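Engineer: So you can see what is in the structure, the chains are spelled out below.
Number of protein chains: 4
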Amino acid sequence: MTRGREPAVSAPLAPPISAALWLNTPEPVTLAQLRGRVVVLHAFQMLCPGCVTHGLPQAVEIQRAFDPDAVAVLGLHSVFEHHKAMTPAALRAFVHEYRLTFPIAIDQPSADGPVPYTMQAYRMQGTPTLVLIDRCGRLRAQHFGVTADVAVGAEIGRLLAEPGITAP
Amino acid sequence: MTRGREPAVSAPLAPPISAALWLNTPEPVTLAQLRGRVVVLHAFQMLCPGCVTHGLPQAVEIQRAFDPDAVAVLGLHSVFEHHKAMTPAALRAFVHEYRLTFPIAIDQPSADGPVPYTMQAYRMQGTPTLVLIDRCGRLRAQHFGVTADVAVGAEIGRLLAEPGITAP
Amino acid sequence: MTRGREPAVSAPLAPPISAALWLNTPEPVTLAQLRGRVVVLHAFQMLCPGCVTHGLPQAVEIQRAFDPDAVAVLGLHSVFEHHKAMTPAALRAFVHEYRLTFPIAIDQPSADGPVPYTMQAYRMQGTPTLVLIDRCGRLRAQHFGVTADVAVGAEIGRLLAEPGITAP
Amino acid sequence: MTRGREPAVSAPLAPPISAALWLNTPEPVTLAQLRGRVVVLHAFQMLCPGCVTHGLPQAVEIQRAFDPDAVAVLGLHSVFEHHKAMTPAALRAFVHEYRLTFPIAIDQPSADGPVPYTMQAYRMQGTPTLVLIDRCGRLRAQHFGVTADVAVGAEIGRLLAEPGITAP
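Protein chains in written order, with the numbering used here: chain A, 21 to 188; chain B, 21 to 188; chain C, 21 to 188; chain D, 21 to 188.
Source of the hints: derived by calculation from the structure; they are not laboratory data. The structure presented is a predicted model; accordingly, all values stated were derived computationally and were not measured. Warning: the hint list may mix true and false statements.
Note: identical chains are not told apart, hence a pair may lie in one copy or across any two.
Claimed, not checked - 25 Å max Cα-Cα, derived SDA-like pairs, lysine to any residue: (1) LYS104 with THR50; (2) LYS104 with ARG55; (3) LYS104 with GLU81; (4) LYS104 with TYR142; (5) LYS104 with PRO183; (6) LYS104 with ASP89; (7) LYS104 with ALA161; (8) LYS104 with GLN140; (9) LYS104 with GLY157.
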């Protein structure tokens, strides 16, 4: 349930994305580069049915609905189970077959457990998780599971209406 | 395609709703009463397949996603064809069967043609049409046909982020 | 759950269709005329959401899947509630807007209650109801509510595999 | 388009299934064991979007609609592209996540090309492919791509109506 207008916010910066590898981009992407844009980060696993039927189609819909100079859509492949099945080679085939075109980070595996680094840094509960980062790089919303398109759209719309970084 | 942040806007007031009758409300609703809220006005015909499969479910989704004190959802039954079929009695049965709970105006029939008054005043091209009115009562967007939930959500989110009417 | 092969059956003839009016056909249709074909009779109300979202699309799908000389699809508008809303004029508009092309009978209103004649004769519980009649005119299946397409297809396939009327 | 009743048919036996491995069954399954039942063989690839959104849900729907003693549903994982991505370990994870419970054969890889043995033997054009085998083990229908549930149901219903193997 989304309420009315809110005052200027105070929120921490979103943790950096630790990637073992990036797909769909010639160079690694950093959140710092994306200052000035709203960032939609969709964390998924290629063998997670909720991601395939809901989360990824929503990310594609967001990519289609907004000017890429205003809203950057990123994928984050955060494998915390079935590690042998969801390899980089498997993800490449998946991304090719499902025709995903936004940059996708392979979340950096952790040395001390099944949950990869970025997933840990964001304290995600599972996949799909949708993260919204404002024009100033601050973490503003994080949703685990299914969120209605209208509600996600409204959150993005609000972040777009906020002032971005002012030049020094 | 929705771009970045926009400056304060200049837009005309939305035309008033001319209703022959209101359903789902004890008293007629006026746009003037709703100043301070974003208004989502969904114009439909009960026998329009695009309204039944897309437009009305989207209106229900919007009603579910937002605080009613922030976003008011209204229906407008704008009959411009099959007038004998889409009578007030028929609409009442439809609204009951489809469990619609937001206030619905029956657009005032015109004496000089098939297109009712409010539909004329808004120069709508047909149904479904989605109209967005800002907190100040200004007409800010009007979409004929199917619009993606994410995009509509973003437009509502932006209007919610604008300042409303300041008390005198 | 559909079992294996069954022996030759004994079943009563399907009651005749009592129609006040037929749409989408120059002449009234009788079940007797359709001997030799499997008949799929879909009873609906134009303001019944389950009919609009499930039953009628299934009837259209059946019409599309089979040779009309083998399977005849008929609609039956059995109004047992909201009689003032679901008039013949309203049904005509509905059939036009939803582009239904199979013959549709308006079930004959009853003098002594809200339930029309054919609906009474078949002892239907409500709408949507799907009735299957074999090549010999016998009532072979009747389903109230939602039935899976695969299961309905299998029932039609079995009836198609039975011998029809033998010439005397 | 499915026509009326057909005479007793003459059709070749379905080729045997060459499997490198079976999932969801303690013992390998052979078509010979299934004589007396109609067999629905669904050939898929786990990273084929048409299989995930259409073919596999249809196979699950068929499994749900029929008595398993009358209709046996089998999966066939016929990998002809992205071999490194669609390994047995990956398929196991996929089957677990998508909760598939029918027996699934991993099609035997071929020494002389990317197309596996069973896929070659059936001359399949790609995935998804739906194969229908009658009670006598004969190949009766093979559909590449999307086939409507009603039409597939009708084909199964017809095969169920045919006599099975007579005991010697």
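Engineer: It remains to establish, for every hint, whether it holds in the given structure.
Structural biologist: Here is what the structure says about each hint:
1. With identical chains, the CA atoms of LYS104 and THR50 are never at most 25 Å apart, being 27 Å at best within one copy and 30 Å at best between copies.
2. For the identical chains of this complex, LYS104 and ARG55 are neighbours neither inside a copy (35 Å) nor across copies (38 Å), given an alpha-carbon limit of 25 Å.
3. Taking the shortest alpha-carbon separations for LYS104 and GLU81, neither the intra-copy value of 30 Å nor the inter-copy value of 30 Å comes in at or below 25 Å.
4. In this assembly of identical chains, the alpha carbons of LYS104 and TYR142 lie at most 25 Å apart only when taken from the same copy (24 Å versus 31 Å across copies).
5. Taking the closest pair of Cα atoms, LYS104 and PRO183 never come within 25 Å of each other, the shortest separation being 44 Å inside a single copy and 47 Å across copies.
6. Proximity of LYS104 to ASP89 under the C-alpha cut-off of 25 Å is found in neither arrangement, the shortest distances being 36 Å within a copy and 36 Å between copies.
7. For the identical chains of this complex, LYS104 and ALA161 are neighbours neither inside a copy (31 Å) nor across copies (37 Å), given an alpha-carbon limit of 25 Å.
8. Taking identical chains as interchangeable, the C-alpha atoms of LYS104 and GLN140 lie at most 25 Å apart only when both belong to the same chain, with a minimum of 20 Å there against 28 Å between chains.
9. With identical chains, the CA atoms of LYS104 and GLY157 are never at most 25 Å apart, being 33 Å at best within one copy and 37 Å at best between copies.
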